[in-house]
Amino acid sequence: MNYTDTELMVVKAAQKLQDGDSVLVGVGVPNLAANLAKRTHAPELRMIYESGTIDSNPSSLPLSIGDPVLAAGAASIESLHGGFNYYLQSGRIDAGFLGGAQIDRYGNINSTVIGDYDDPDVRLPGSGGACEIASNVEKTIITTTHQRQRFPEEVDFITSPGFIDGEGGRERHGLREGGPVAVITDMAVMGFRDEEMVVESIHPGVEREDVHEATGWDIEFANDVSETEPPTENELRLLREELDPDGIYL
Amino acid sequence: MSKVKSMEQAISTAVSDGDCIYLAGFTHLIPFAASHEIIRQGYTNLEVARATPDLVYDQMIAAGCVDKVTFSWAGNPGVGSLHAFRRAVEEDVPNPIELEEYTHFGMTMRLYAGAVDLPFVPVKTFAGSDLPAENDNIRPVQSPFGNEELYAVPPLHPDVAVVRGQRADENGNVHLWGIPGEHKEAALASDTVVLSVEETVDESVIRSDPNRTLVTADDIDHVVEEPYGSHPSYAQGYYDRDNEAYLNWDEESRTHEDTQEWLDEWVYGVADRDEYIRKLSSDRLLDLQTGNAHSTTINMGES
Chain C
1 MNYTDTELMV VKAAQKLQDG DSVLVGVGVP NLAANLAKRT HAPELRMIYE SGTIDSNPSS
61 LPLSIGDPVL AAGAASIESL HGGFNYYLQS GRIDAGFLGG AQIDRYGNIN STVIGDYDDP
121 DVRLPGSGGA CEIASNVEKT IITTTHQRQR FPEEVDFITS PGFIDGEGGR ERHGLREGGP
181 VAVITDMAVM GFRDEEMVVE SIHPGVERED VHEATGWDIE FANDVSETEP PTENELRLLR
241 EELDPDGIYL
Chain F
1 MSKVKSMEQA ISTAVSDGDC IYLAGFTHLI PFAASHEIIR QGYTNLEVAR ATPDLVYDQM
61 IAAGCVDKVT FSWAGNPGVG SLHAFRRAVE EDVPNPIELE EYTHFGMTMR LYAGAVDLPF
121 VPVKTFAGSD LPAENDNIRP VQSPFGNEEL YAVPPLHPDV AVVRGQRADE NGNVHLWGIP
181 GEHKEAALAS DTVVLSVEET VDESVIRSDP NRTLVTADDI DHVVEEPYGS HPSYAQGYYD
241 RDNEAYLNWD EESRTHEDTQ EWLDEWVYGV ADRDEYIRKL SSDRLLDLQT GNAHSTTINM
301 GES
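Going line by line, the protein sequences match chains C and F. Heads up: the first sequence begins at 1 in the numbering used here, then just goes up one per residue. Heads up: the second sequence begins at 1 in the numbering used here, then just goes up one per residue.
Derived by calculation from the structure, the hints in this document are not laboratory data. Glycine residues also receive a C-beta, built at the ideal position from the N, C-alpha and C atoms.
Stretch by stretch, here's where chain C covers chain F in the computed footprint (C-beta under 8 Å, at least three residues):
(1) 20–32
(2) 65–74
(3) 237–251
Construct the entire structure; sequences and hints are all you get.
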């Protein structure tokens, strides 16, 4: 069965979630991934959104993180202050999804500026809740397209810390344990070894050299690097027929 | 005593040039009727604070009302960039704006510190990020009870907040349901508070369900009844978010001239929110109608 890059990314991101996890979800790929996980291997997944909705159960595809469908039928709704304080800062959330304009070898994410902060080439939206998500969840799952300018050796600006300057970086900077566990792109799935990004699987039809070329440093490949398992028919059916029937994100 | 007045009266009484204002609402219940009235009345040199500047501040920036933006996420939610915000930052059009940048949690805790009158609050965020290097209001602080180092943010005390709810009595005791965002903290942190609601109701309605009250009359200066006062944002149970308007703004704001055309038609070209709503097609308003999902009533008991 044919599938798109985005569909593969959604499926791989979903597989990083475990049943029973509390996950902080954003719209787009993360939302589809979390809802797919809940309909497959993780029925007890608890979806929490930045807007403060706790254990949301959206009846249709939310188009913003504060969509009314996330509020109706939720287990609880917190204020912005309550969600970030009681749930995120306290360490009650296991996983979070992030994207960004740049990601570096230590999993640091830039969503603030390209170029100089005071005289930016491109002004990006900024952190939102991304910095505190990266700081306080146990596992950060990053999804992005794989291009050389998106994967520089060092990001122009650290909006959201990964392992900062490498092994032991989080501890040195006073951050709690955790950090990025996966970077899922349209070319490969990366993990972290000794707190540095390594390629774990390469998508069907993509060559090792393509991944190397699209990455701004000499990225390491795991010894047992494999071909990424394609989505199953059931996963594709759920995505296309139930989760995003109008093809807004897929 | 009734505090009910028109949006025009409330804004002209509450806002002055150069004020720091906070229009509250995290995607839900964003006070667009108030921002349009601020634009119509032509205020300038405003510092506008909001976690998400959203279309509400993008339009004010395009109108030339804004000197400074204090924020944490400046995008068009679910769509992409805020073009007027970016033009001001990248090209100084229509005027340069100063930025003071936080994270959502940092912004929220600034308001919280303002609401409870603390000189600072510590937060578990910013460590390892480059944000503290660009913002002198994010400073390291040592725990007085151990060796832990955290970052702290100072209180935010806006001159004026505009907050919303679904319903309030004429004194300003207000009910909000759905996503509360930072409406409460914004109201409690600000000197002057304009409350805008979808409908005013008898005080007995509010007192029948006190757990649903967001803030009480004591903290509200002006009450404005403004149906559809949040369009194109939404009011839970009243009307849905107009996602098409968010998508359209992406096109309507591509150049500074485009934004002026839009403002001419939808802000300067109408007298008030009522005229704005009449200008929207009835099909569009029908599309935004919500279905019904009533909560189960509770029993407060009677003694």
